[in-house]
Amino acid sequence: MARPNLQLQFTHSPVLRYGLGATSFAIALGLALLAQRYGFRNVEVPLLLFAVAVTAWYAGPGPAALAVVLSIAFFDYFFTEPRYTFYVTSSDIPYLIVFISFALLVAWFSAIRRRVEGELRQARDNLLIEVTERTQQASLLNLTHDTIFVRNMSDIITYWNRGAQELYGWAAEDALGKYSQHLLQTVFPAPVDDIRAELLRTGRWEGELKKTRADGTQVVVASRWSLRRDEQERPVAILETNNDITERKRREQEIQNLNHELAKRSTELESINKELEAFAYSISHDLRSPLRHMAGFTELLQKKVSSVVDEKSNHYITMILDSAKRMGTLIDDLLAFSRIGRAETKMTLVSLAQLVREVLTEVCQDTEGRNIAWKIGALPEFYGDRSMLRLVLVNLISNAIKFTRTRPQAEIEIGCADGNSDDLVVFIRDNGVGFDMKYVNKLFGVFQRLHQSDAFEGTGIGLATVQRIIHRHGGKVWAEGVVDSGATFYFSAPKPQGHLWKL
Amino acid sequence: METMNRLGRILMVEDDPRDVELTLTALEEYNLANEVVVTRDGEQALDYLYCRGEYKTRSGDNPAVMLLDLKLPKVDGLEVLKQIKSDGKLRMIPVVVLTSSKEEKDMVASYKLGVNAYVVKPVDFHEFVNAIKELGVFWAVINEPPPGSVRK
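The listed protein sequences derive, respectively, from chains A and B. All residue numbers for the first sequence refer to my numbering, where the first residue is 1 and numbers rise by one. All residue numbers for the second sequence refer to my numbering, where the first residue is 504 and numbers rise by one.
Bound conformation, chain A alone:
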């Protein structure tokens, strides 16, 4: 790099350039005169032409012209007859013309060569800069994690970055010059011709491709192609950027499988639910009919024979009728219970205070002649299905009324207990017969009863219904009791938030 710099400085200083012209001329003249002194003949012309050439070469056209003029003048002065005058005899003119022509020719050639060389140097410098730039860019492409390679229009790989090496396992020297489709055994999502057509039309293409690594394993990549064109707009190369999405695809597949499985199970559940529904429907229709017949004909029988048969027989008839009636109630309760699981819930914000008032009006018809002290505290709003919540309150309040029957002064309290920050807790407390905490886990089971049926009537479905409804609301039910001093039933549900919570 030092040389072109020197040259540039040199050529840029006119003093030096013209000095070089003058000096080279002076040296040539000196040598020619010296040669003449020692009897060497005809050396002056080549020496002077050499000086002109050197000047033209190194100092450019201006100094060359100076050298030519000086050479002609001093050639005429020192070496043509008559010597030591600038006078030119006619016989010397052709000789002089030939000399001048040669001098100009040498200067001209020199100048042309110089210019050509300058241009070449310029081109070389430009090339060097470009090479440097390209090398830097290529090393930048090597830095990225993305897989990038370039292939020409014949599908031969011409560039292969480090990401490509990492993903596919082929080193650049293995990949370069190979057919990319063969090397990577690419599987296309569409016919290759269509993809190519799109690429040529729009200059881009992107899609998912399957490729094979050096070790034979398959990868799924999100691939983006860009077409490179030359100045004449002819397509010359394709830059392909690939991202490994194998893991993502695997997870997607997994999710899809899970969804599929879920859909299958949900269909199964749906069909089971349908079966249950059909079962309940059948019970509702078919179980009730024979019961009605039993009751009906027994009653007809009773009417016909009650006056002629003995008291015991009449008692038996009454027992049959009672049983039929009881079974009817059981079937109805069971159906109502099964309906809770099947019914769709209509969620709204329900005022428990209002609901309790409604329920009390309804159940108090059964409390005539009873002495009950009601204590109703402040009640919150519940987010839930109104008719279901009503059923919960009906069951719990009816129970409280029922199990305080033996008390001369019954006390029933309904209120809101302190729950945690997320849940609302409502309780219904009575001073009734209570229960043994030993059996607390039996309270909410279907058909589970803790009292003999002749003491307190019931089917054992009420609390199971309560539990089922509260569970559907995302809450919990529990109870505390002491034998002969009352029971407290609690139910909780998540507090209504700004958002709706699901059942």
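These aren't lab readings, by the way, just hints derived from the structure by calculation. All the given hints hold, so there is nothing to weed out.
Straight-line alpha carbon distances no greater than 20 Å define the calculated EDC-like cross-link-like pairs of lysine to aspartate or glutamate that follow:
(1) A:Lys-304 <-> B:Glu-524
(2) A:Lys-346 <-> B:Glu-607
(3) A:Lys-210 <-> A:Asp-194
(4) B:Lys-605 <-> A:Glu-344
(5) B:Lys-574 <-> B:Asp-544
(6) B:Lys-608 <-> A:Glu-277
(7) A:Lys-495 <-> A:Asp-422
(8) B:Lys-608 <-> A:Glu-270
(9) A:Lys-325 <-> A:Glu-457
(10) A:Lys-304 <-> B:Glu-531
(11) B:Lys-577 <-> A:Asp-286
(12) A:Lys-249 <-> A:Glu-208
(13) A:Lys-304 <-> B:Glu-532
(14) B:Lys-608 <-> A:Asp-332
(15) A:Lys-303 <-> B:Glu-532
(16) B:Lys-588 <-> B:Asp-544
(17) A:Lys-303 <-> B:Glu-630
(18) B:Lys-636 <-> B:Glu-647
For this one, chain A is given, so just place chain B on it according to the hints.
Below, chain B without anything else, positioned relative to chain A:
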């Protein structure tokens, strides 16, 4: 009796002979049983209404009321109801569904098809008898049936 003279014909569709017997007994108690026609499945009921098959020769008057069970052999109650309510000539017959089913599904379906009343047979015989009596009295005596019904 005055009521006897004004009694409309009751068409009963019921496959269970025990139910038929109980219903007739209940109606008898109030002298409402005489003009009861019993058909045992949906097809027979439709045959009666359209005067075809075994009822080819009957006079073409419509019953004053029809007591229809839902669970029937061959053509079920809802299907019978659907046919009646979509037939211009039969549409006016008052139809009372009398069934064991308390299922909301059946009730909704019946009302959608245009049933005139829906009664769940009570298990208790007293209630059953009362229900049948009230039905019989209301539809066959009190209610003024549409023109073209049989009246004695």
